[in-house]
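Colleague: For reference, the chains in residue letters:
Protein chains: 2
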Amino acid sequence: MRFWSIVLAGAWAVSMMAAETVPQWGIYEIVLNGPTNGNPFIDVRLSAVFDNGSKKVEVAGFYDGDGVYRIRFMPDEQGVWRYETEANRWPLTRQVGSFEVGPPAKGRHGPVRVHNTYHFAYADGTLYYPIGTTIYNWLQAPDDWQELTLNTLSNAPFNKVRFLVTPQDVDFRKSVPATLFPFEGRPRNEWDFTRFSPPFFRKLEQRIAQLGDLGIEADVILFHPYGKTYGFDTMDPETDERYIRYIVARLSAYHNVWWSLANEYDFLRTKTEADWHRFFQIVQEADPYGHLRSIHNGYDIYNNSLPWVTHASIQNGSAVTDPGRAVLYRDVWRKPVVFDEVKYEGTENYRWGQLTPEEMTHRMWAGLVAGTYVQHGECYLHADDTWLSYGGVLRGESWKRIAFLRQILEDAPPGGLDPVDKWQDWDMGGRSGVYYLKYFGWAAPTNWTFELPREGLQEGMQFRVDVIDTWNMTITPVDGVFTLKRKDRYSFVDGNGRAVKLPGKPGIAVRIRNVGGSGPGSRGMAPVEPF
Amino acid sequence: MRFWSIVLAGAWAVSMMAAETVPQWGIYEIVLNGPTNGNPFIDVRLSAVFDNGSKKVEVAGFYDGDGVYRIRFMPDEQGVWRYETEANRWPLTRQVGSFEVGPPAKGRHGPVRVHNTYHFAYADGTLYYPIGTTIYNWLQAPDDWQELTLNTLSNAPFNKVRFLVTPQDVDFRKSVPATLFPFEGRPRNEWDFTRFSPPFFRKLEQRIAQLGDLGIEADVILFHPYGKTYGFDTMDPETDERYIRYIVARLSAYHNVWWSLANEYDFLRTKTEADWHRFFQIVQEADPYGHLRSIHNGYDIYNNSLPWVTHASIQNGSAVTDPGRAVLYRDVWRKPVVFDEVKYEGTENYRWGQLTPEEMTHRMWAGLVAGTYVQHGECYLHADDTWLSYGGVLRGESWKRIAFLRQILEDAPPGGLDPVDKWQDWDMGGRSGVYYLKYFGWAAPTNWTFELPREGLQEGMQFRVDVIDTWNMTITPVDGVFTLKRKDRYSFVDGNGRAVKLPGKPGIAVRIRNVGGSGPGSRGMAPVEPF
Chain S
1 MRFWSIVLAG AWAVSMMAAE TVPQWGIYEI VLNGPTNGNP FIDVRLSAVF
51 DNGSKKVEVA GFYDGDGVYR IRFMPDEQGV WRYETEANRW PLTRQVGSFE
101 VGPPAKGRHG PVRVHNTYHF AYADGTLYYP IGTTIYNWLQ APDDWQELTL
151 NTLSNAPFNK VRFLVTPQDV DFRKSVPATL FPFEGRPRNE WDFTRFSPPF
201 FRKLEQRIAQ LGDLGIEADV ILFHPYGKTY GFDTMDPETD ERYIRYIVAR
251 LSAYHNVWWS LANEYDFLRT KTEADWHRFF QIVQEADPYG HLRSIHNGYD
301 IYNNSLPWVT HASIQNGSAV TDPGRAVLYR DVWRKPVVFD EVKYEGTENY
351 RWGQLTPEEM THRMWAGLVA GTYVQHGECY LHADDTWLSY GGVLRGESWK
401 RIAFLRQILE DAPPGGLDPV DKWQDWDMGG RSGVYYLKYF GWAAPTNWTF
451 ELPREGLQEG MQFRVDVIDT WNMTITPVDG VFTLKRKDRY SFVDGNGRAV
501 KLPGKPGIAV RIRNVGGSGP GSRGMAPVEP F
Chain P
1 MRFWSIVLAG AWAVSMMAAE TVPQWGIYEI VLNGPTNGNP FIDVRLSAVF
51 DNGSKKVEVA GFYDGDGVYR IRFMPDEQGV WRYETEANRW PLTRQVGSFE
101 VGPPAKGRHG PVRVHNTYHF AYADGTLYYP IGTTIYNWLQ APDDWQELTL
151 NTLSNAPFNK VRFLVTPQDV DFRKSVPATL FPFEGRPRNE WDFTRFSPPF
201 FRKLEQRIAQ LGDLGIEADV ILFHPYGKTY GFDTMDPETD ERYIRYIVAR
251 LSAYHNVWWS LANEYDFLRT KTEADWHRFF QIVQEADPYG HLRSIHNGYD
301 IYNNSLPWVT HASIQNGSAV TDPGRAVLYR DVWRKPVVFD EVKYEGTENY
351 RWGQLTPEEM THRMWAGLVA GTYVQHGECY LHADDTWLSY GGVLRGESWK
401 RIAFLRQILE DAPPGGLDPV DKWQDWDMGG RSGVYYLKYF GWAAPTNWTF
451 ELPREGLQEG MQFRVDVIDT WNMTITPVDG VFTLKRKDRY SFVDGNGRAV
501 KLPGKPGIAV RIRNVGGSGP GSRGMAPVEP F
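Heads up: the protein sequence lines correspond to chains S and P, in order. Using our numbering, you'd call the opening residue of the first sequence number 1 and step up by one each time. Using our numbering, you'd call the opening residue of the second sequence number 1 and step up by one each time.
Watch out, some of these pointers could steer you wrong.
[As the list claims (entries may be wrong)] Restraint ranges, calculated between C-beta atoms of paired labels, are given here: (1) S:ALA499 x P:GLU459: 47 to 57 Å; (2) P:ARG406 x S:VAL515: 48 to 58 Å; (3) P:LYS487 x S:ARG173: 29 to 39 Å; (4) P:ASP51 x S:THR229: 53 to 63 Å; (5) P:LYS487 x S:GLY290: 45 to 55 Å; (6) S:GLY290 x P:PRO414: 41 to 51 Å; (7) P:VAL393 x S:GLY290: 55 to 65 Å; (8) S:GLY504 x P:LYS400: 37 to 47 Å; (9) P:GLY107 x S:ARG269: 39 to 49 Å; (10) S:TRP442 x P:TYR490: 15 to 25 Å; (11) S:ARG464 x P:GLU241: 47 to 57 Å; (12) S:TRP442 x P:VAL393: 51 to 61 Å.
[To be verified] Partial chain P-side listing against chain S, Cβ under 7 Å, derived: (13) HIS115; (14) THR117; (15) GLY324; (16) LEU328; (17) VAL332.
Derived from the structure by calculation, the hints contain no laboratory data. The C-beta atom is built at its ideal place from N, Cα and C for all residues, glycine as well.
Only chain S is shown next, with the shape it has when bound in the complex:
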């Protein structure tokens, strides 16, 4: 990602830079020189209001060390924007300027938003299917390892990476300590919590920008319970808030940032649920762009119905073994459900890391036909590290099948996949009347009688069927067309009673696509007599 930044020595510098063009959803950065006395992290308040004539956006600035202050802005509309800074120090206040925002850079779609209640789309309307993986401590690994991880990601199917901001107190390969920390001071627990360490955040930003260049969302985890001797989990309330505000000020202009308040939030034993409510509200208020906000649970699920939660980020070790389970959370929160942790593929000593690649692949599909999103994780131990912990190289098998899955999703119609008849055909997701995926899971049927739930259907509509082998990554079209005839009150079958031959092994799905006629129904409304 390139920055469009200007350094203002004073107000006269503004007109000089005004002609520069920034792409929509890029970053425009104001750089100001200011005071170095006292503690600028604490003492100086800086912000700017950006105005394009139809709306104003207030953005907090931050101190980046060495007398340099920055204000980063992500314009979400094209055209001319003007700004004016405000600060409690003379050199930083009343700076004004303007710049032009042009079309987005190639391949950029803006931040991801909730779409159609249970799904996601980029700001430009393009559907976004979260196909994520977790690499908790990759930013704690040596630089060349981080580069290796990025290289792996550039050849992998993932469009979201979930990771910790602050390091854990376990060294890479048990011997290479982390070198960058968010605060001045030294490990362990000799921090000056009133002074941030800009190099730490610059590295974080560099990596987020590189993920963005790869088309990958950065699900950044603000707190975690794993660094007890570092003490980032037991900071006082003011430090917590300053830490959150500093991160949000630095990162929110990156289009691909998601806020994950915590990993296993309920295992931070010194925080209460009220603390998490407060943290959410701080993020919500401080982030002018409304990036996605969630929180990942350990044992106790957070109340995801609260208004500041945009989507559920769930750990559950069994919910996606079966689409009939996965679907249940959707109705509860009426928000997208992302299963960020469903146990991991690997050969860990712990049972949370012992999924076979087949089971990991199965869980992705099971969640998908239930209208939810299951994320990948992998922990094959190799030279004292795992993909889950530090990234590096993918050593599993499921990620290849996930690439195949992603291809299928990208061919699916807009709107996202929803359960079609949720209490009856829980292994089928799609868009009624248009497109269906039916997934047989661990069952190994040799035959499927063509049958679709009534919603959105009428007699005479025509469909084509493909048989998908989710493990061997094949798509086999079934000959001929299936023409609907009403079977009974609840469903339609093929007029000639046709069935589809299946290979009699696990991991098979069928894809059913409308190739003639649209039905009377529409999605989103329960039918009058749904049951």
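Based on these hints, arrange chain P on the given structure of chain S.
Modeller: Structure of chain P alone, referenced to chain S:
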């Protein structure tokens, strides 16, 4: 149920009655004569404050027609209570009195409360397992049919009945119209919504009292979407509120009342979610005893995390086919989950009423081992009526197995059944270290290797095992004692590796009871390293 009521002609009557003794959780009723002019339902406000020296309880009165006003009070503490009335009419205000409250009547335990987060107990601490059935319109059937229903219930296992307050516009046996309605006027839709019809409510009260005498909770449904031509689903906001307050004033002194705000609330198309929030709050504020409050969904689940919901009342056609599904709602709301509608046993034309008795029984057990409560329903059509609609006679098979199930529950230890290792052994519920039920569902194993999740266990502890046939209603003790030996990080097995022989058919459970030694663990806390 007997009433302890006094009729006050004036203040001088009070001392005369003061010696009377009311049982704890019985009803003390003040009866006052007052004005008949105007519209007493609208014009007269009446209440009383009851005071036992340590707390005051304010209770609304109501007009019962013919110049009679009543204030009903359910004392929840023994000893002397005093009261004073307040009203906006002279004859009704400043009436004072006192009475003595003695021990509860035999077999009475007080109102049911939430207990131990996911469970229920009576006010006296006795555990209450909801074993409910639904009889929507039984109060709309002729009187002798209602008596028949009560007689059936007196020989059935149910301790909760769920039913509609207002009639549906479908006549009993398609030919016997309802004769009592909550408002003055005539069907259909010629009501004076400003005047209640006391005979309707007296019948309702009589039946609730009779249910109480049978030890049955009355889950009264205030609104439903089924009476469109009667118009009780489309009353204006003031009428809705008056209706709620009148019912609460009349019924809340009955110890066995539960408030179900609606059946399929989301199918009342003219009400918004905000209306339901408001109704809940009215009930919560008007009911001085805090009877249980829930709302039953059609397609859209209400936000049961809201503070005025005491427990989830769920319709879901597939969630209890598998304990691994049923368990999911528990964590979401951290409240008791009652599956009030899971499809019904019967031979209906609709798929919601086609469960086999085996499947209904299975669902009860599946929900139970998941730490939730599944309620019965039955719809075998007989002479144009079904148990589900009007009561009468139970014609199914599952209810007998539910009696067997209830017996097993009554032998279980206090605290309620919780999942023991929720993401791993989802077919096992119990109290760790003490008592376990493992239910094999539709699987038909011939063998179960004795193995228990680690929580609350230590080596040397001894257990006995019974094999339960949930359909044939047999409990077969397994010879000998199982003595714990640690198997691995996660579980314990028998020291001699013993297994339990099973009959190789569906519907089998094992019960495992501690007969020697208590473990180091305790329930309610997640272990430090739970996964």
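Colleague: Tell me, in ascending order, the numbers of any earlier hints that this structure violates.
Modeller: As far as the earlier hints go, 12, 13 and 14 are violated by this structure, in ascending order.
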